[in-house]
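The hints should help you fit chain B onto chain R, whose structure is shown.
Below are the chains, spelled out letter by letter.
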Amino acid sequence: MTIARKEWLEAFRDGRILLAGGVMVVLLLAASFLGALTWRTAAQERADAEALTRAQWVGQGKTNPHSAAHYGVYAFKPTPILAAIEPGVNPYAGTVALLEAHRMNEFRFRPAQDASELQRFAGLSPSAILQTLIPLLIIVVAFGAFAAERDQGTLTQLLAIGVTPGQLLAGKMLGLGGVVFAWVGGAAALGFGAIVWLTGIAAPVLVGELTGFLLPHLVLYIGWLFLVIGVSAWASSSRVALLTLFALWGFGSVIAPRLLTGAVTAAVPTPTMEQFSAQLAIDRAKGVDGHSPRAERTRAFRDSVLKQYGVDSVQQLPVSFEGLALQQGEEDFDRILDVRYGALWRGLERQEILREYLGIIAPGIATRNFAMAIAGTDVAAHHHFQREAEAYRRRLVKAMNDDVTQHGGATPFEYVRDADLWASVPPFQYVPMSASIALSAHRVAIVALAGWLLWTSLLAFSGTRRLTGGAP
Amino acid sequence: MTAASPSRLLLLQHELRLLWRDPGAAGATIALGLCLLAGLLSGRQWQQEQRAHFLADQAVATQRRDSLALAARAAFADTGAAREESSSLRHPVAIGTNYLPLLATLPPAPLGALAVGQRDLFPTMVRITPRSFQSLDVSTELVNPRSLLEGRFDPTHVVVALLPLFLIGLTFNVLSGERDRGTLGLLATMPVSPMRLLGTRLVARALPALVLLGLLGLALLADGGRAAVGPLLWWGAAVLAYVALWLGLALLVNSMGWSSPANAMTLASLWLLLVLIAPAMLQAAAQWRYPPPSRVTLTGQQREASRAAYARGQDVMRRFLGDHPELTPGDPEVVMRDYMSRLYSVQDAVDRELQPTLAAFDSARVRQQRLAARWGLLSPAAVLHGISTDVAGSGMARFQEFHDQMRAVHVAWQAHFIPPVFQQRELTLAEFESRPTWTAPPAVSEAVAGRALTRVAWLWALALLVWVAAWRRLRTSLLAAATGASSF
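If you're matching them up, the sequences are chains R and B in order.
Using the numbering used here, you'd call the opening residue of the first sequence number 965 and step up by one each time.
Using the numbering used here, you'd call the opening residue of the second sequence number 1149 and step up by one each time.
The set of hints was computed from the structure by calculation and includes no laboratory data.
Take these hints with a grain of salt, some might be off.
[Claimed, not checked] Quick list of the computed label-pair ranges, beta carbon to beta carbon:
id, chain 1, residue 1, chain 2, residue 2, range
1, R, Ala-1230, B, Arg-1515, 33 to 39 Å
2, B, Pro-1171, R, Gln-1131, 20 to 26 Å
3, R, Gly-1415, B, Gly-1172, 24 to 30 Å
[What the hints assert, rightly or not] Here are some chain B residues the structure puts well away from chain R; computed CB gaps all over 10 Å:
id, residue
4, Glu-1232
5, Glu-1233
6, Val-1351
7, Gln-1495
8, Ala-1530
9, Thr-1587
10, Arg-1599
11, Ala-1617
Note that beta-carbon positions come from the ideal geometry of N, C-alpha and C, so glycine has one too.
Pulled out of the complex, with its shape left as it was, chain R reads as follows (with noise of 0.2 Å):
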């Protein structure tokens, strides 16, 4: 505990480390109140255009249901109360998208997409300073642990006093793990306050919310502050040891994320929306087989039905032949859909499970991986809106086929409908995915985690018990 305190002591005598810490907690709660702010006004908006939208599908007067099927509604993506602190992938997916009969539009509008060039080249989010800036400032507040004590010569006084690596080590921990966590702690809760204070989100639920989400920071952080003082004690100098941190910490912050995108590219392309919407174009006249032109496959379903009604002609039919053929062409198209887009996201997520292996040299990508994932805003997340909203699509199409097919009698594209119909679909409600299933995807990052907390705690150890193994 006496070398905790003087850690301590020192570290909030030390005009650097209060410069550093200071400027932390300055940048924290800029970036929680802008997180805040613009979560606030994003799901007010959501919830404004959601309702209108949803009126103007309900309030579309008489029409036809495939019309209506045509006019579609509109699904928003939403955005969890965590983006605030980690937005992810979300200003850089789509948000918008319509969702009608014979088609499955892309989600539009990136929200990078109305940002100044600046966006691309920093951003400013919580999530940024407590993955990038933090570890920096442990650097700062730990390089000198042992190297600083060396160089001042202090160091062979304390060993010479008799203490094992263990209370060494432990008192480094706690004297500058207890400073960095003062820093940070204080940061986080006036944050936090920032952001229960803007968005009226109940201070329990964001507790809750925030708890799995700064678990991988707490691990990043110990690991951090082991590395910083294994470093310390193995550096020959102070000015090595900060020297290598530094390198460390530019290589997993400022190298590695993007040389990661450029690996996953290479290794998984993807197709351009051109060729992709031409293979789909492809698939609609020949079948997703390649082998079933589309009269072929219109001539076997109308065969096909009216066996399963006994009748020789769709006249005959006791339900609309067109209602049957329109859910026949939708389901039709929903199987080239489901082949060509399982496809396509099952590319975008094998670069994704390839940035999380690849990930495993540097945990702040680790650590980015897992809070996307409690925080809702991942690829995968993403993927998951998409299939729901495109689930409901298939349910809504359906909805109106089926009621053409039961009441369009011969004349299924002049018979209209009121709002009863419109009214009797239920609007999208989006239920995200669980956090345990939203990790399960992750496993990867969380064993990097715990194998950067056993690495780095080795070096720790090891270092102590090198300097302490050649004391008198």
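For chain B alone, kept in the frame of chain R given last:
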């Protein structure tokens, strides 16, 4: 170097020899070389992907366009029953929208490998149809949003973000190292001026980086050919100023008389401030000051305007036809019953209603960009990034030019295809052949030089300012150290 005095050359040789024997410096140079190589390879990979995608997309689109153009030309020659059957191939809407939309393309620029910039965020091939402009300008690529978030490891990233760290690593103790070793006092006894020694030492320590940057420039020149010479010269001038600035900052910090770790920490803090924090704060401020209208809200508004216009269908059409009497030489009542005529008059009404909101998007983006450009001068890293993306043809300016050109050709496209809709007639062969065409923007915008000039000048001015401040401070400090009047 040939013009340098022998003593300066000897000093340089001596400093280079010292640097060569320093394993840390050698390791850092190798690391920078590897980073630049990785950046170049990654940039080239990106450029090749872009070219391949662009050519493949163009091939798909051109093949489709050529076969349909052939069919349409044949349809104009049809007579009798065949003419009736092929009428859709002469319909203005069918041709202008479905069969032969105009392909607006933005080809990759010669220095594309230098900076990915905004090129992965915006579409570079857009189909122009007579429909509303906002329905065209939203094409989205099937790119992994995580890759957009993280960005690419291109040469610009290495130069803007990592090069300063390399320079800091080699220069943070350019003077404090002498003090650490207890040799600072000896400097005053040497037959050369300490200032000359320090200047030469800085040049020597920057030399490996300059050689590597020169090699990068040559590799980019080999990629881009003659068209790349001009933009590369601007880039080179900006990078040299950036190097000079970081060397000047190292000299200034060294002139303070602090210890080597304190110097390292101060320079690292400056890097953090200028390279990461300042651009991030500027972006946040720009977004805060000029927030764009909500795309989500616009979606609802657009549908509402469309619904209202359809509900007022007859009124909307009457107003439209009243505004455009030249479009209805025949019976207006017949036109009033036509679906396509109603569609385009409703579209016109919706476009008019939403025009202020749509203009606000452009205005917010332009204002954000202006604010970022003005205040971005505070961050030399943001300035160099801007110059690099601009000369690489991947900056916002080039997309704005592309956007403006698309808007102009869209107006011409609408003017060509919409009148026959209201005149309820097919397109003539002459109209078909004289439809507007797309001329791709030049590979290198002529405006690049003008934009680069002020920014490069600003970087040099900053570098000069820092050097003058450092030089003055050092001269005073070293003089005091030599006379024993200071603890420096």
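Results of checking the hints against the structure:
Taking 33 to 39 Å as the suggested C-beta distance range, the pair R/Ala-1230 and B/Arg-1515 conforms, at roughly 38 Å. With their beta carbons about 35 Å apart, B/Pro-1171 and R/Gln-1131 fall outside the hinted range of 20 to 26 Å. In this structure, R/Gly-1415 and B/Gly-1172 meet the distance hint of 24 to 30 Å, their C-beta atoms being roughly 29 Å apart. Separation of B/Glu-1232 from chain R is adequate, the least Cβ-Cβ distance of about 22 Å exceeding the 10 Å criterion.
Distance to chain R confirms B/Glu-1233 as a non-interface residue, since its nearest Cβ pair spans about 18 Å, more than 10 Å. Interface exclusion of B/Val-1351 from chain R stands, the closest Cβ pair being 22 Å apart, more than 10 Å. The Cβ of B/Gln-1495 lies farther than 10 Å from every Cβ of chain R, with a closest approach of about 16 Å, so its non-interface assignment holds. For B/Ala-1530, the shortest C-beta to C-beta distance to chain R comes to about 6 Å, within the 10 Å cut-off, and the non-interface label is violated.
For B/Thr-1587, the condition that its CB be more than 10 Å from all CB atoms of chain R holds, with the nearest at approximately 20 Å. Its beta-carbon lying about 13 Å from the closest one in chain R, B/Arg-1599 satisfies the requirement of being farther than 10 Å from that chain. Every CB of chain R lies more than 10 Å from the CB of B/Ala-1617, the least distance being 21 Å, so the non-interface label holds.
In this structure, the earlier hints numbered 2, 8 are contradicted, and the remaining ones agree with it.
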